[in-house]
Amino acid sequence: MNQLDFEKPVLELEGKIAELRHMNSDEDGMNIAEEVERMTAKADRLLQSTYSKLTPAQKVQVARHQNRPHFKDYIVELIEDFTPLAGDRNFAEDHALIGGLGRFNGQSVMVIGQEKGNDTESRIKHNFGMTRPEGYRKAQRLLAMADQFQIPVITLVDTAGAYPGRGAEERGQSEAIAKSIESCLRTHVPIISVVIGEGGSGGAIAIATANKVFMLEHSIYSVISPEGCASILWRSGEHAQDAAAALKLTAQDLKSFNLIDDIIDEPIGGAHRYRTETIHNVGIKIQAALDELSDWDKDKIVKDRREKFLKFGRDI
Amino acid sequence: MNWLTNIIRPRIQSLVEPKEVPDNLWQKCDACEGMLFHRDLKNNANVCYHCGHHLRITVKERLALLFDGGQYEKMDIPDVPFDPLKFKDRKKYSDRLKDTRSKTGLKDAMTIAKGTIKGQPAVIAAFNFSFMGGSMGAAVGESIVKAAEEAIKTRSALIIIPASGGARMQESVISLMQMPRTIIAVEMVKENHLPYIVLLTDPTTGGVSASFAMVGDIHIAEPGATIGFAGRRVIQETVREELPDDFQTAEYLLEHGMVDRVVPRQKLHDEIGTILDLLMNKKRTPSAPKSEQEAA
Ligand SMILES: [Zn+2]
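Heads up: the protein sequence lines correspond to chains Y and X, in order.
End of the first sequence = 546 in this note's numbering, gap-free, step of one.
End of the second sequence = 298 in this note's numbering, gap-free, step of one.
One chain only, chain Y, in its complex shape (with noise of 0.2 Å):
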């Protein structure tokens, strides 16, 4: 999964520019960095033909990828003094979904999203991004204290959807959901959300319901996966890739619908290959939108949101 197959025959050439680097001729030393420079050359041709060209199913694939950038790797980049706040106050702390206070830009902000975690220790402990009720009603704790204090809320969407299981069920994931809808609805202040990987449906939403929506580049916001949409509409998995394309579920499908506001470039190779960089310029969208809201009143910002989101189907 850490390799794309369509992104094979750059990822050779780069192992083949990362081999010549290590040699050490003294001779030959002029016309290795040659070579390495007519390679590096070819391999930046190929990623950018291949990332130009991209079709749904492999964008779905980049979504996924694990080297991209999760919540935690934006918070240590872009918030400082990030305060972590815990639980419901009903049962549990669900580490699908972290939540805190911190500092962007010097200006308190609330900060929630999913975290899918990077290695199997950690995927386990934030099962996989896939939230429990508990981590919902967390997250409408957060924006209500958000709301009480007037501290804007940034939201990094980034799950397969929410989490199905006997327990989950039992203490009401479909309440937590449309409660946390409800609580972005209500929430006073500026909602930003970017959907940074994969939105998936309800999961997703249930944190997005917000006064601006980004994707990045190569990130999925879809109903359903594309194999759960093969599996009942197409009655095999084995249609995922014409699933992907017909939900229409890359960023550039949803602005072309203007179901979002914007999308977040990612450089020519996509975010698993610049964190740093992708993770930059998500910064400076957010900041951006900050400013554009910074002066609105309480109610404008409600009322801004709920008239976005009426529009959603009516005049698409």
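These are calculated hints, taken from the structure and not from any lab test.
Hints may contain errors.
[As the list claims (entries may be wrong)] 27 Å max Cα-Cα, derived DSSO-like pairs, lysine-lysine: (1) Y:K541 x X:K269; (2) Y:K530 x X:K148; (3) X:K192 x Y:K533; (4) X:K284 x Y:K541; (5) Y:K485 x X:K94; (6) Y:K541 x X:K94; (7) X:K76 x Y:K283.
Assemble chain X with the ligand onto chain Y, guided by the hints.
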């Protein structure tokens, strides 16, 4: 890897609602296999008179049962853009939609009607499960917005009756956006201090259960109705957990604190009417005390 889905596989075989005049005068109860005579079944609100199992009911019959004297005024459901995503699986969504429309005589999976229940004005938005499994797309969302607006305009209670497998996949993210949208609709009703009652019927799952259906002032469920977020099959295949037989039934949700009441279909008019009367008619002449009533 198994993927979670908000959508229950549509039960193709149950997509066709019982006809007005059955070809066969007798049918078997799905639950107890007892034989049911069509007229007796109809007189019993499509509830099995052997075991109490609630069979599916048409929206027309449902509205007649709920409104006073079976009288109500049907409202047109609003127009929305037709298949904006140009969705195609093995069949074009536009064709599927046209076929379903001609087969059912319905425009989409929603019926809106207004009338009174025990004298209190009410707008009902009821899902038609026979229309693509009652799935929620833009037309359903827009209908809920319209029903909410009508309730506010006429100072009526809003009652929504889901019977839906969840989101309409063929509308992808547009269907997902109906989750916040329908929550906004009922929020407007609440801001006007009008009652918003959800009557959960079989099935209420996926994106429908995770939006307007779980933020009612009062949640009433029909006995035996399946209500939940992820489908039973999805849970079993994804996380392989043992599930009790009554998992995600109305009674199970009552035990887990998610619904206020489980009410048999024959009593719905009376119970909903009493609740609306209590919420909307806050002072009335007291009845005579119980003891005097008995003495008389
Ligand atoms: Zn029976």
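Comparing the hints with the structure gives:
| no. | hint | verdict |
| --- | --- | --- |
| 1 | Y:K541 x X:K269 | violated, 38 Å |
| 2 | Y:K530 x X:K148 | holds, 23 Å |
| 3 | X:K192 x Y:K533 | holds, 16 Å |
| 4 | X:K284 x Y:K541 | violated, 36 Å |
| 5 | Y:K485 x X:K94 | holds, 23 Å |
| 6 | Y:K541 x X:K94 | holds, 25 Å |
| 7 | X:K76 x Y:K283 | violated, 50 Å |
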